[in-house]
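Asker: If you want the building blocks of each chain, they are given just below.
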Amino acid sequence: MQYDCICSSSFKKALPRFNKGLMIGHIAKHELRRHVRNGRVRTLLYVTIVMLVASLILSFRDYRVANDQYMANLSAARANWESQSEKDPHDAAHDGTYVIKPIYPLAMIDKGINQFSGQVVHLGAHERKQSTLNEAKDNSGMFRFGELTPGFILTYLVPLLLIFLGYNTFTEEKEKQTIRLLLVQGVSLSKLAVGKWLALFLQMIVLWILLFAGAFIISQSVGSSILVSVSEWLALGGIYLFYFVIFINLIVWVSAKASTSGVSLTTLLTIWIIITLIIPKVSTNLAGWSHPFPTLQTFRDNINEDQANGLNGHNFWNEAAQDFKQKVLDQYGVETVEDLPIAYGGLLLAEGEKYESEIYTKHFDLLQSQYEKQRTIYRWCGILSPMLSVKFFSMAIARTDYGFLWHFEDEAEKYRVAFNTTLNMNIAENAKGVDQYTAGRELWSTIPRFDYAWQPSQSILNNHLVEFASIFLWAGLSFLLAIFFSRKIKVI
Amino acid sequence: MGWFKLSASHFLQSKNQGNLSVKDIRNTVRLELIQLYRNKAFLGLLFVLLVLMILAAWNTHQYFLIKKTEVTTQLNLVTENDLRLVSEIDSLNNELATYESSYTLPTSGVRLTYNNHRLTWLPFSPFSIIAIGQGDLYSNYKKIVLYFNSSYEMNSEELVSPLEQLFGQLDLAFVWIYLLPLIILLTSFNVLSLERETGRLKLIASQPIMVWRWVLLKLSIRFLSIFVFIIVISTFLLLAFDVDLVDNFNVFLQLLVTLLLYSAFWFLLSFLINLAGFSSGKSLIILASGWVFFVFLLPSTVNLLAKEMNAIPSRLEIINHHQAMYNEMENNLEVELDQLYERHPDWQSDDPVTMDLSNSTGWNINYLAKQYIAQIKHQTVAGDYEHQVESRNNWIEVFRVISPSMIVQSAFSDMAGTSGKHYRSFLKQSQEYAHEYRQFVFKGLFTNHSFTSGEIRNLPIFEFDFRRVPGTFKQDFVIMLAYLMVLLILCFTLSKRTHKTLNN
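Protein chains in written order, with numbering that gives the first Met the number 0: chain A, 0 to 491; chain B, 0 to 503.
Heads up, some of the hints might be wrong.
[Said to hold, decoys possible] Think about it this way: if two alpha-carbon atoms lie no more than 27 Å apart in a straight line, the pair counts; the simulated DSSO-like pairs of lysine-lysine are:
(1) B/427 to A/128
(2) B/376 to B/281
(3) A/489 to B/281
(4) B/67 to A/372
(5) B/376 to A/128
(6) B/201 to A/175
(7) B/67 to A/128
(8) A/28 to B/67
(9) A/489 to A/190
[Said to hold, decoys possible] Not everything, but these chain B residues come out facing chain A in the computed CB check (under 10 Å):
(10) 40
(11) 188
(12) 285
(13) 316
(14) 317
(15) 408
In case anyone wonders, no lab produced these hints; they're calculated from the structure. C-beta: ideal position from N, C-alpha, C; glycine also.
Model the full assembly from the supplied sequences, consistent with the hints where possible.
Answerer: Structure representation (structure tokens):
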């Protein structure tokens with residue numbers, strides 16, 4: 000009632016003096032004051048801020064620890080590679096080495112699929128492997144409830160907080176009938192709606208600035224060698240800003256349409272559940288049903304089938320090997336392998352590796368295209384749930400999405416082929432006439448380190464234009480919906 | 000409104016001092032049921048629940064059908080390979096075939112090692128249909144090969160999109176844990192406050208009936224309606240997807256009790272908030288916050304604390320440690336091999352073939368011995384790591400008691416046989432089996448023993464021991480009961496206050 004008094008008296012004084020823009024500001028200011036005076040709202044805000052700050056600090060620490068571990072393990076993997084004993088270079092290729100997936104600083108905000116994808120790829124001879132060491136497998140089933148990370152709070156809890164803050168933004172006016180008083184004093188419903196929208200937006204923007212400015216400042220102090228551009232921070236922050244705006248629009252719309260606060264809250268909670276919980280799960284099922292991945296056994300069988308009659312560095316006798324031998328003999332203009340100036344075995348191994356890698360690339364590309372088809376399903380479902388579009392872009396810019404994993408594994412495969420070629424060609428060049436050829440540290444240390452180049456942000460943005468369009472569409476349409484229904488409120 | 004007039008007039012006729020007679024109860028139940036089933040919102044929610052449960056059950060059924068088919072395919076593959084080997088050994092013994100290489104010689108340990116892998120598998124529980132649990136992270140089978148140390152890793156692989164794992168699958172456990180409480184809260188949050196807000200409470204309060212009993216009765220009817228609905232649909236779905244409820248009656252009973260206790264928890268919470276006398280909006284916001292608290296905040300906080308208080312080094316260190324052990328062993332191979340034969344004197348042989356690295360038998364003995372030594376040198380560190388993982392998961396298991404949602408999640412995945420405990424135990428048992436199988440094969444291989452068809456037919460068989468994954472139903476039951484008792488006590492205390500307030 001105190002609020003109503005303030006409202007009515009201040010509007011009487013304000014109207015002659017303020018223009019229309021200021022009137023909206025005035026409404027927003029009073030709405031904010033009402034929220035600040037409300038103990039429930041204050042508690043919710045405080046709890047959310049504490050959670051945000053705590054999650055940010057812990058995420059920052061996790062990132063720093065993970066980054067330190069990454070650097071240490073990268074050095075250890077290299078040291079293991081270089082300190083191996085003298086051996087046949089192809090045996091060394093079989094023993095192989097590891098490349099470790101780096102962590103982008105924005106993963107502090109959105110961990111994406113990091114928990115569910117492997118952290119390391121074993122690079123050996125003849126075989127392309129997928130990344131392994133899935134962190135989720137070390138976790139109890141309870142981890143499926145989620146982890147209190149900034150991404151979790153942004154995706155699930157902030158929209159919920161906005162609902163709790165604004166579900167009664169119109170219904171309370173209707174229940175207390177103060178809306179009539181406001182209309183009598185010349186306040187239009189659309190300006191009232193914009194004012195209330197603005198009040199929610201301002202509360203949201205405080206949280207948004209707190210989180211992203213905090214994360215930005217913290218990220219600068221991490222000391223990571225990876226620099227995140229301001230435009231990437233803005234893109235990540237911007238997509239969440241639009242996500243929250245969509246919820247604010249929906250809140251104003253539902254509150255304008257609902258007869259009571261209870262109905263408004265019930266409707267908004269239902270919308271929240273559908274957007275954040277049900278549609279993502281249903282879209283996962285739809286994607287899996289319509290474009291399933293093959294089983295690992297089928298995938299391997301298909302690769303083996305393609306490789307069966309092709310070049311294999313250890314098979315000197317099949318037709319493909321005979322053809323290759325003839326090609327080499329022709330190239331060197333000699334009659335027999337013994338007349339070659341280099342060790343034929345090394346050449347065959349190197350050529351076999353290239354052939355096998357092409358087969359692997361073909362099948363991994365097929366798998367990737369299957370994922371792209373699944374992604375189309377997710378995109379369509381993004382029309383029903385903006386959370387999906389936001390999440391896909393957020394993960395992509397944080398380099399924690401499937402696209403990043405594919406990119407990393409593809410780059411690792413290129414490196415594997417180059418790594419094997421160097422070792423096999425070393426045999427070709429040095430093993431001629433040697434009984435048991437071995438190489439040592441000198442060779443191991445000449446193999447260059449794996450230097451992963453991150454996907455440029457521009458290509459990520461270009462690859463997510465549909466998600467952006469979906470979000471803008473949601474934001475625009477829901478805003479129109481909010482304003483339209485606010486103007487249709489029945490006050491009598 | 001029609002219902003209320005009937006109901007109110009019925010209360011007006013009640014002459015009991017605060018108690019409802021059997022006839023009163025019967026009439027109230029009838030009228031409440033009529034009202035409930037004329038309520039479109041209530042029916043709409045039940046319909047949503049029905050659709051989601053059917054979708055979830057079908058999805059889980061399909062999911063496990065693919066997994067079961069894959070396990071069967073893999074088992075058939077092993078059987079076919081073994082039969083082929085036995086037949087080739089018989090042909091060799093009958094001098095019907097000759098072989099030049101030990102890679103193809105059927106009696107050779109090299110052939111057995113490389114061509115005839117073993118398979119361990121986690122049997123599917125009849126109730127797997129209720130929860131996919133950790134099933135999307137693990138395969139239900141593991142190939143046991145002796146030429147790589149992967150058989151000793153706590154890992155089993157399948158091709159799955161990590162996005163599927165991130166968003167999770169729609170299963171019955173999800174519907175029950177997340178959505179059922181919300182539907183309960185949405186149908187019960189304003190039983191008392193609506194009467195107050197519409198001014199009808201004064202009419203009720205003026206009658207010789209205790210308001211809290213009236214609220215309890217109304218809530219009980221809603222509770223039973225939803226619970227019966229859930230049980231009927233669940234039973235129908237279980238039967239429709241071929242779950243033998245008679246043979247597994249014990250688990251079915253556990254499922255019913257778990258659902259009953261979990262639903263009762265949310266109804267009692269709603270009853271408590273109703274008695275507190277808040278407005279409809281405030282009641283809903285408190286209950287919704289309660290839902291967020293128990294279903295989201297508490298579990299995610301426990302997860303966070305588990306990681307903080309049970310920090311585990313990166314698994315990358317374990318991989319690097321294995322590699323370092325391998326290098327160490329290679330750099331000191333002669334001494335390491337001597338130690339190996341001291342530990343396994345029965346693996347030692349004077350047969351020159353076993354020591355000649357230029358033939359495939361000798362080369363493979365040397366290669367497999369190196370793999371074995373590296374794994375043995377590495378297993379202490381790997382074991383310590385797994386122990387730390389177990390400790391953290393046990394910590395979470397203990398702290399699951401702070402949220403009923405966590406308790407029932409654990410209970411459902413236990414019943415479905417898809418909990419992390421099941422899969423980790425499966426991998427542990429697979430490791431043990433791999434070790435036993437390796438001892439058997441290596442003894443023969445290292446001594447250049449000719450394997451007989453009888454030995455191939457009697458190779459060690461893996462059998463998953465369910466007793467090593469003890470259920471937690473009794474604990475869950477006691478903890479859930481404790482929750483209900485606390486809520487009942489609070490309700491009882493508040494009911495007195497409500498009665499006093501209304502009288503004043």
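Asker: Now, for every hint given, state plainly whether the structure supports it.
Answerer: Hint by hint, here is what the structure shows:
1. Annotation: proposed proximity of residue 427 of chain B to residue 128 of chain A holds, straight-line Cα distance about 24 Å (limit 27 Å).
2. With a CA separation close to 62 Å, the supplied pair residue 376 of chain B and residue 281 of chain B exceeds the 27 Å bound.
3. This hinted pair checks out: residue 489 of chain A and residue 281 of chain B have alpha carbons roughly 24 Å apart, not beyond 27 Å.
4. At roughly 26 Å between alpha-carbon atoms, residue 67 of chain B and residue 372 of chain A fall within 27 Å of each other, so this suggested pair holds.
5. As the CA atoms of residue 376 of chain B and residue 128 of chain A are separated by approximately 25 Å, the hinted pair is consistent with the 27 Å bound.
6. Of the pairs offered as hints, the one joining residue 201 of chain B and residue 175 of chain A holds, with about 21 Å between alpha carbons and a cut-off of 27 Å not exceeded.
7. The hinted pair formed by residue 67 of chain B and residue 128 of chain A meets the criterion: a straight-line CA distance of about 25 Å does not exceed 27 Å.
8. For a cut-off of 27 Å, the pair hint linking residue 28 of chain A to residue 67 of chain B is broken: about 62 Å separates their Cα positions.
9. Taking the CA atoms of residue 489 of chain A and residue 190 of chain A, the gap is near 16 Å; set against the 27 Å cutoff, the hint holds.
10. Against a cut-off of 10 Å between C-beta atoms, the interface hint on residue 40 of chain B holds, since the closest Cβ of chain A lies about 8 Å away.
11. With a cut of 10 Å, the hint placing residue 188 of chain B at the interface with chain A holds, because the nearest CB-to-CB distance is about 7 Å.
12. Below 10 Å, beta-carbon pairs count as interface contacts, and residue 285 of chain B has one with chain A at about 9 Å; its hint therefore holds.
13. Taking 10 Å as the C-beta cut-off, the interface hint given for residue 316 of chain B holds, the closest approach to chain A being about 6 Å.
14. Against a cut-off of 10 Å between C-beta atoms, the interface hint on residue 317 of chain B holds, since the closest Cβ of chain A lies about 9 Å away.
15. About 7 Å separates the beta-carbon of residue 408 of chain B from the nearest beta-carbon of chain A, less than 10 Å, and the hint is met.
Hints 2 and 8 from the list above are not met by this structure, while the remaining hints are.
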